[in-house]
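Chain A is already provided as a structure; the job is to place chains B and C with the ligand on it using the hints.
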Amino acid sequence: MRKVAVIGAGMTLFRRRLLETGKEMCFQAVQMALEEAGLELKDVDAVVSGSAPDAFDGVHMKGEYLLDGAGGVRKPYMRVFTGGGTACFSPIAGWWHVASGLADVVLVVNEEKMSSITPHPQYAFANIWDPILDRPLKPNLVWIFAMEMNRYMTVYGIEKADIARVAVKNKRNAVDHPAAQLADPNITVDDVLNSEVMAWPVQRLDISPPSDGASALVLASEDVARQVSETPVWISGVGWCIDSTMWTNRDLSFPEYLARAAQQAYGMAKIENPRKEVDVVEPYDPFDYKELHHLEGLLLADKGEAPILTREGVTQRDGELPTCPSGGLMGVGNPIAATMGIKTGEIYWQLAGKAGRRQVPGSPQVGVCQAWGDLMQFSSVMVMRA
Amino acid sequence: MVGEEYRRWEGDMEALYVYTAGVAGDRFFREIRDNERLMGTYCPECDVTYLPPRLYCETCFSELNEWEEIPNKGRVDAITVAYVDDKGERLARPKVLAMVRFLGANGGLIHVVDLPEEDVYRGMEVEVVYLPRGLRKGSFLDILHFKAI
Amino acid sequence: MGRKWRGTPLTAADIAEGRVATAEWRPEAKYAWSAGESIGRFLEELQEGHLVGRKCDVDDTVFFPPRSFCQEHFVRAGEFVRLKNTGKVETYSVSYLDTDARRLEEPVYVGVISIDGAAEGMGFMHFLGEVEEKDLAIGMRVKAVWKPKKERMGAVTDILYFKPV
Ligand SMILES: [Zn+2]
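Protein chains in written order, with the numbering used here: chain A, 215 to 600; chain B, 13 to 161; chain C, 129 to 293.
Excised from the complex, chain A in its bound form:
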């Protein structure tokens, strides 16, 4: 397999509502990424499009719909979809285009426009449930996360305050992100603990917001990367895995499928001791507890240990394991697949030393990004090196 580098990243503002159509958001993100890579659309050999359920944008075959804004016209083009997991999975699809030798330069473009569905994106989420077993109970998708969070807290004896610290950290980190939707420099643990209960144990400030947004990456083969980029960031391992479709039959306290995906990625990247070797991590954090769950699934913390690391400051931007230095979904926003910009995109910027005010100290050399999706059963993982 050939070496593959990320040489440019871009993203739009993340906001509850943007004027731009999905195509226009894609265009803006791609323009920013190409500019950073110093390339033009004519240099691009193939395009990968990523987005979550069509039901948010309200356009079926969204990959086809977004095509021209994603720069895919008259090129090899495909859409990948693994729900929220698309945020790190479409970069993996981009990687295999280049690693296989099929393409030298690939654009990866992710988009979500969640404002189209009214009055609330919940109307689309309702259709994710099994129509016969779950939907007659008139469920709300938050239930499933609440039940997972409760099981996680109960099995490992975790305090809510320790989970709330993730929301506080990420919303504060997001103050330094120019695209952020829900940054808050003054938020406290008490604010989170006193926010409205949605579905216990999930409270309002435990949840990331729905957003409009797009993001883009430019991936290149080693030859091209060395020619055009002074700071290529190498993709050294990828992994993905999915658990049973019967969510009520899974153990919700530990994301076993993520541990498998992580081991695949670490194995490929020749990482033997992730806790020692990983310098910065962007786990998927649509809820505060998910960052903790994912740190454990990524084998960067023992089961039940991530809340303690958080309490001790290990996961702060200047801590030993900076976690979600971007501000994450909790702070920057959650346009599902487009969160690629604050996962794979952020790790690229961090390792390239281009993260500006968000830069973690000590010039990090190894970074990991991860996303989570389908019906809370899928994870995609990427290991990157400066």
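Simulated from the structure, these hints should not be mistaken for laboratory data. Please note: incorrect hints may appear among the correct ones.
What the hints assert, rightly or not - With a straight-line cut-off of 20 Å between C-alpha atoms, the simulated EDC-like cross-links for lysine to aspartate or glutamate are:
| id | chain 1 | residue 1 | chain 2 | residue 2 |
| --- | --- | --- | --- | --- |
| 1 | A | 256 | B | 57 |
| 2 | B | 99 | B | 26 |
| 3 | A | 352 | C | 279 |
| 4 | B | 149 | C | 152 |
| 5 | C | 132 | A | 249 |
| 6 | C | 132 | B | 75 |
| 7 | B | 99 | C | 156 |
| 8 | C | 271 | C | 173 |
| 9 | C | 158 | B | 26 |
| 10 | C | 158 | B | 22 |
| 11 | A | 490 | A | 534 |
| 12 | A | 256 | A | 436 |
These numbers come from a predicted model, not from an experiment.
Below, chains B and C with the ligand without anything else, positioned relative to chain A:
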């Protein structure tokens, strides 16, 4: 819910979508509503005018900021006649739809032609008929139909 | 870095008051999902007041809800087996949200209940009732409370909720 041989469960996927027309679309519909004119965006790099207008050129990916008025006169490029509506119900009177291309523009518009089926032919010249000013809302339906010149 | 972070934020009022051009669409599709062999039988048995699972003949794992094939051994599933009406709360939530994200005055209690006689941890989602919020607990033993027989229609809602035993 109980069939003879098998069981099934019925339901729907209820939602109301509100789509923004976007940066280019917003101006396009505003021009129709306020000025009764079709506007496209021009790519100087590729010498192409897009109708409907786009924010970017799909070929060279430049951002397009030059707007051009498209003459209100076009030619029928393709025709279809609908005998049923969007629910599959028979229409009282068949509806003639045409794809109309405009001189100097890349793309075209699809709309109803206000003529009987037998009077519409490929290559015929038509023009855009707008709703009266007060009724226009800034949408594609501000265009009433195409009529023969 | 001279990066351009772009996007044009709108408020809800910009859209409601027509300050930007929009188009509306309400899909009207109606669906009828076939229950298939295993879930079809499951619904039939619910109407009769029974919970039913299905066995994998390779290692006697009992799936609940029943499935038509084993995802581990990839063989067609075997016999249906009636299970007890009792089980254990694997997890739960106290929800103030209804299905449309509107706020409920009184919360509903919802949980995953694993059913006795099925493989370890195999369960389904249902409501919890006849219980105070403070008494809800993971690991709690519960029992199905059924609708009167003539009101049942072959649906998961033929069970009203699970109550503590
Ligand atoms: Zn052009």
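Comparing the hints with the structure gives:
no., hint, in the structure
1, A:256 with B:57, "holds (13 Å)"
2, B:99 with B:26, "holds (17 Å)"
3, A:352 with C:279, "holds (19 Å)"
4, B:149 with C:152, "holds (13 Å)"
5, C:132 with A:249, "holds (10 Å)"
6, C:132 with B:75, "holds (13 Å)"
7, B:99 with C:156, "holds (10 Å)"
8, C:271 with C:173, "holds (17 Å)"
9, C:158 with B:26, "holds (9 Å)"
10, C:158 with B:22, "holds (7 Å)"
11, A:490 with A:534, "holds (10 Å)"
12, A:256 with A:436, "holds (19 Å)"
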